[in-house]
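Student: Residue numbers (the working numbering), protein chains in the order written: chain R, 1 to 277; chain C, 1 to 277.
Simulated from the structure, these hints should not be mistaken for lab results.
Note that the coordinates shown come from a computational prediction; the quantities given were computed from them, not determined experimentally.
Be a bit skeptical, because a hint or two may be false.
As the list makes no split between identical chains, a pair holds if one copy fits it or if it spans any two.
[Unchecked claim] With a straight-line cut-off of 30 Å between C-alpha atoms, the simulated DSS-like cross-links for lysine-lysine are: (1) Lys200 - Lys271; (2) Lys276 - Lys200; (3) Lys271 - Lys27; (4) Lys276 - Lys95; (5) Lys27 - Lys14; (6) Lys27 - Lys276; (7) Lys200 - Lys27.
Number of protein chains: 2
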Amino acid sequence: MQLWFSELQTPHMKISCRVKEVLHREKSPYQEIAVLDTYQFGRMLTLDDVIQTSERDEFVYHEMLVHLPLLTHRDPRRVLVIGGGDGGSVREVLKHPSVEQVVLAEIDERVVEVARCFLPTISCALHDPRVRLQIGDGIRHVQENPNTYDVILVDSTDPVGPAVGLFSADFYRSVHAALRPGGVFAAQTESPFFNQDLIKRVYQDVSAIFTAAGLYLAVVPTYPGGMWSFTIGAKDGALHGWSRERAAGLPTRYYSPELHEEAFTLPVFVKELLEKE
Amino acid sequence: MQLWFSELQTPHMKISCRVKEVLHREKSPYQEIAVLDTYQFGRMLTLDDVIQTSERDEFVYHEMLVHLPLLTHRDPRRVLVIGGGDGGSVREVLKHPSVEQVVLAEIDERVVEVARCFLPTISCALHDPRVRLQIGDGIRHVQENPNTYDVILVDSTDPVGPAVGLFSADFYRSVHAALRPGGVFAAQTESPFFNQDLIKRVYQDVSAIFTAAGLYLAVVPTYPGGMWSFTIGAKDGALHGWSRERAAGLPTRYYSPELHEEAFTLPVFVKELLEKE
Numbered sequence: 001m002q003l004w005f006s007e008l009q010t011p012h013m014k015i016s017c018r019v020k021e022v023l024h025r026e027k028s029p030y031q032e033i034a035v036l037d038t039y040q041f042g043r044m045l046t047l048d049d050v051i052q053t054s055e056r057d058e059f060v061y062h063e064m065l066v067h068l069p070l071l072t073h074r075d076p077r078r079v080l081v082i083g084g085g086d087g088g089s090v091r092e093v094l095k096h097p098s099v100e101q102v103v104l105a106e107i108d109e110r111v112v113e114v115a116r117c118f119l120p121t122i123s124c125a126l127h128d129p130r131v132r133l134q135i136g137d138g139i140r141h142v143q144e145n146p147n148t149y150d151v152i153l154v155d156s157t158d159p160v161g162p163a164v165g166l167f168s169a170d171f172y173r174s175v176h177a178a179l180r181p182g183g184v185f186a187a188q189t190e191s192p193f194f195n196q197d198l199i200k201r202v203y204q205d206v207s208a209i210f211t212a213a214g215l216y217l218a219v220v221p222t223y224p225g226g227m228w229s230f231t232i233g234a235k236d237g238a239l240h241g242w243s244r245e246r247a248a249g250l251p252t253r254y255y256s257p258e259l260h261e262e263a264f265t266l267p268v269f270v271k272e273l274l275e276k277e
Numbered sequence: 001m002q003l004w005f006s007e008l009q010t011p012h013m014k015i016s017c018r019v020k021e022v023l024h025r026e027k028s029p030y031q032e033i034a035v036l037d038t039y040q041f042g043r044m045l046t047l048d049d050v051i052q053t054s055e056r057d058e059f060v061y062h063e064m065l066v067h068l069p070l071l072t073h074r075d076p077r078r079v080l081v082i083g084g085g086d087g088g089s090v091r092e093v094l095k096h097p098s099v100e101q102v103v104l105a106e107i108d109e110r111v112v113e114v115a116r117c118f119l120p121t122i123s124c125a126l127h128d129p130r131v132r133l134q135i136g137d138g139i140r141h142v143q144e145n146p147n148t149y150d151v152i153l154v155d156s157t158d159p160v161g162p163a164v165g166l167f168s169a170d171f172y173r174s175v176h177a178a179l180r181p182g183g184v185f186a187a188q189t190e191s192p193f194f195n196q197d198l199i200k201r202v203y204q205d206v207s208a209i210f211t212a213a214g215l216y217l218a219v220v221p222t223y224p225g226g227m228w229s230f231t232i233g234a235k236d237g238a239l240h241g242w243s244r245e246r247a248a249g250l251p252t253r254y255y256s257p258e259l260h261e262e263a264f265t266l267p268v269f270v271k272e273l274l275e276k277e
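In isolation and in its complexed conformation, chain R is listed as follows (with noise of 0.2 Å):
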C-alpha cells in the first residue's frame, strides 16, 4: 500500500514522506496529535499536520538548540524549556552535568504523554528526576518566575496558533527578567529562505533587550528548506565566551566545538538579511 503524509511546509511547497503505519491520532484541547511510523525517517511526530520531529533527524535540531546556549552559560544549574514535549530538548540539557533542575513547560499534556508511549529514543529522559514536568501557558510562567533560570530555551511550533506569542517583543522582555544574572536564552526560529521577516524581526528585538545576540544555523532535514535558524542572547556578557573543554566531552552526532562558532558564519543573503535597516 502506498500510503503517504504529505505537509505544506509553504501554500506552495510540501514534503510527502511514505507511510508504514500510523501509530496514533487523537485530538487534543489545542491540536491533532499524530505519531507516523515513515520508512524515511523513523518515527515521526506530528502537531496539526507540520512535522515536528522524527527518530532519524531529531539529533540535529536538538542538540543544536541546546548545546549552544548551555555552554555559553558558564554554570547552567536551572534550565526552562518551553514547549518541547517531546522531550529531545530535554533529554539534551541533562547531557551537561552542572544542571540540577530541568522545568518543561509544555502547553498540551498529551504532546507529552504521546511522546513517551511512542518516541521512547526521544522521550527517554523524562523520567528523570532532575525534571519537572510544568503543564501550562510558558509566557505566563516566564512572567511569574522572575530571576529563576539560567538557560531558558524555546523549542517552539512555527508561529501560528498558540505560538504566535513566543515570537513577541513582550516575551523576550519576560524572558530576560525570568533570567539570572548570566543567563542565556535561545529560540528556534524558522528558515532564513521563507521565513526572513519574521528572523529579523525577532532578531532586531532580542539585540535590542539583551547585551548580545546571534543568530545561529544547523540543517534539518524535515523542516522547509531543510536551514534551520536559531536565535541567542546572553543577559551579560557575550556569545563567545563559550566552553570548549565542556563541549568536547558531550556525546553529540552534529553538534561539536568546531561547529559551535561556525553555526553562526552565516550566508551573505542571511548576513545582508539581519544588516539591512
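Given the structure of chain R, go ahead and fit chain C onto it with the hints provided.
Tutor: Then chain C, alone, in the frame of chain R:
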C-alpha cells in the same frame, strides 16, 4: 487551479512545488526536459522529473561548486565544466578575471538550448566569447585531453543513467590526468543524509588519486534533505592555500571568504562517515 509538480527524492520521500505554468516540455535523445514556472522557486528546470536548478536557489549550488575550487587554484586560466548545461556554473566561473577559457562539456545540447530560452538569469554567460560549448560525452572529453585544464568541475545529475560514469574511480583518474600541474577538481556529490555510501566511496577514491581531498557542504532547499555535499581534490599541494584576496572581490549571495573554510567543518555524523573503515 492547483497544479503540482512532485519529485520522488528517495523511494520514500517527495518534494512538491505548486506550478503556475508549464513553460516547456520535450523529450531529448537523453531525457525529458521541462521548465516549470513555480510559485515558490520561480522558474525551475527538471530532467526526468528531478529538479536540477531553480531561479530562487540556484545561487547556492553554483557559487559553492565553483568558487571554492577556483580560489584554491593559484591562477585558473582554463576551466572545464562537465554537465552544467543550464550555464549557472559557467556564469560563476567567469566572475574570476584570470579565466581565459571555459569549456562546457554537456552531453545534451537541448538542455543548453532550453536554458538559453527559458532561464536567462542562469544561462546569461553562455554567450561570452571565453565559453566553448562542447556537446558530447564529458568522460571521453577528459580522456582525450590530458594535461589541459587548471580546474575541472563536475556539475552532473544524480548517479543514474549517463551520469553513473562521472562517479567512478576510472573517471577521477582521467580527470587527474586532464589537469595541468597545480590543477583542482570539484564535483557535486549528493546528500550526506541519503547517499552516504556514495559520498564515502567518492571521498576515498579522490583521496587516493589526488594529493589532497576534502568534502564541503552547502544548503540547497530544492535538493533532498537540504544539505548537499561537494568533493574537492588538488593535484599538487593542499586545499587551504586559497586566495582570500581574490575571494573578497567576488559578487556572491551565499559564498563568502568566512564561509569558505567553514564549509569543510562537518557535522559529527558526516565526519564519522568519512573516517570509518
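Student: Next, verify each hint and record whether it holds.
Tutor: Going through the hints against the structure:
1. For the identical chains of this complex, Lys200 and Lys271 are intra-copy neighbours only, at 10 Å inside a copy versus 32 Å across copies, given an alpha-carbon limit of 30 Å.
2. In this homomeric assembly, Lys276 and Lys200 come within 30 Å of each other (Cα to Cα) only inside a single copy, at 9 Å, whereas the closest approach across copies is 40 Å.
3. Proximity of Lys271 and Lys27 under a CA criterion of 30 Å is satisfied in neither setting, with 40 Å inside one chain copy and 41 Å between copies.
4. In this assembly of identical chains, Lys276 and Lys95 lie within 30 Å of each other by CA distance solely across copies; the values are 25 Å between and 38 Å within a copy.
5. In this assembly of identical chains, the alpha carbons of Lys27 and Lys14 lie at most 30 Å apart whether taken from the same copy (23 Å) or from different copies (27 Å).
6. Taking CA atoms no more than 30 Å apart as the test, Lys27 paired with Lys276 passes in neither setting, with 43 Å inside one copy and 45 Å between copies.
7. In the homo-oligomer, the alpha carbons of Lys200 and Lys27 never lie at most 30 Å apart, since the shortest distance is 34 Å inside one protomer and 44 Å across protomers.
The structure fails hints 3, 6, 7 (numbered hints given earlier, in ascending order).
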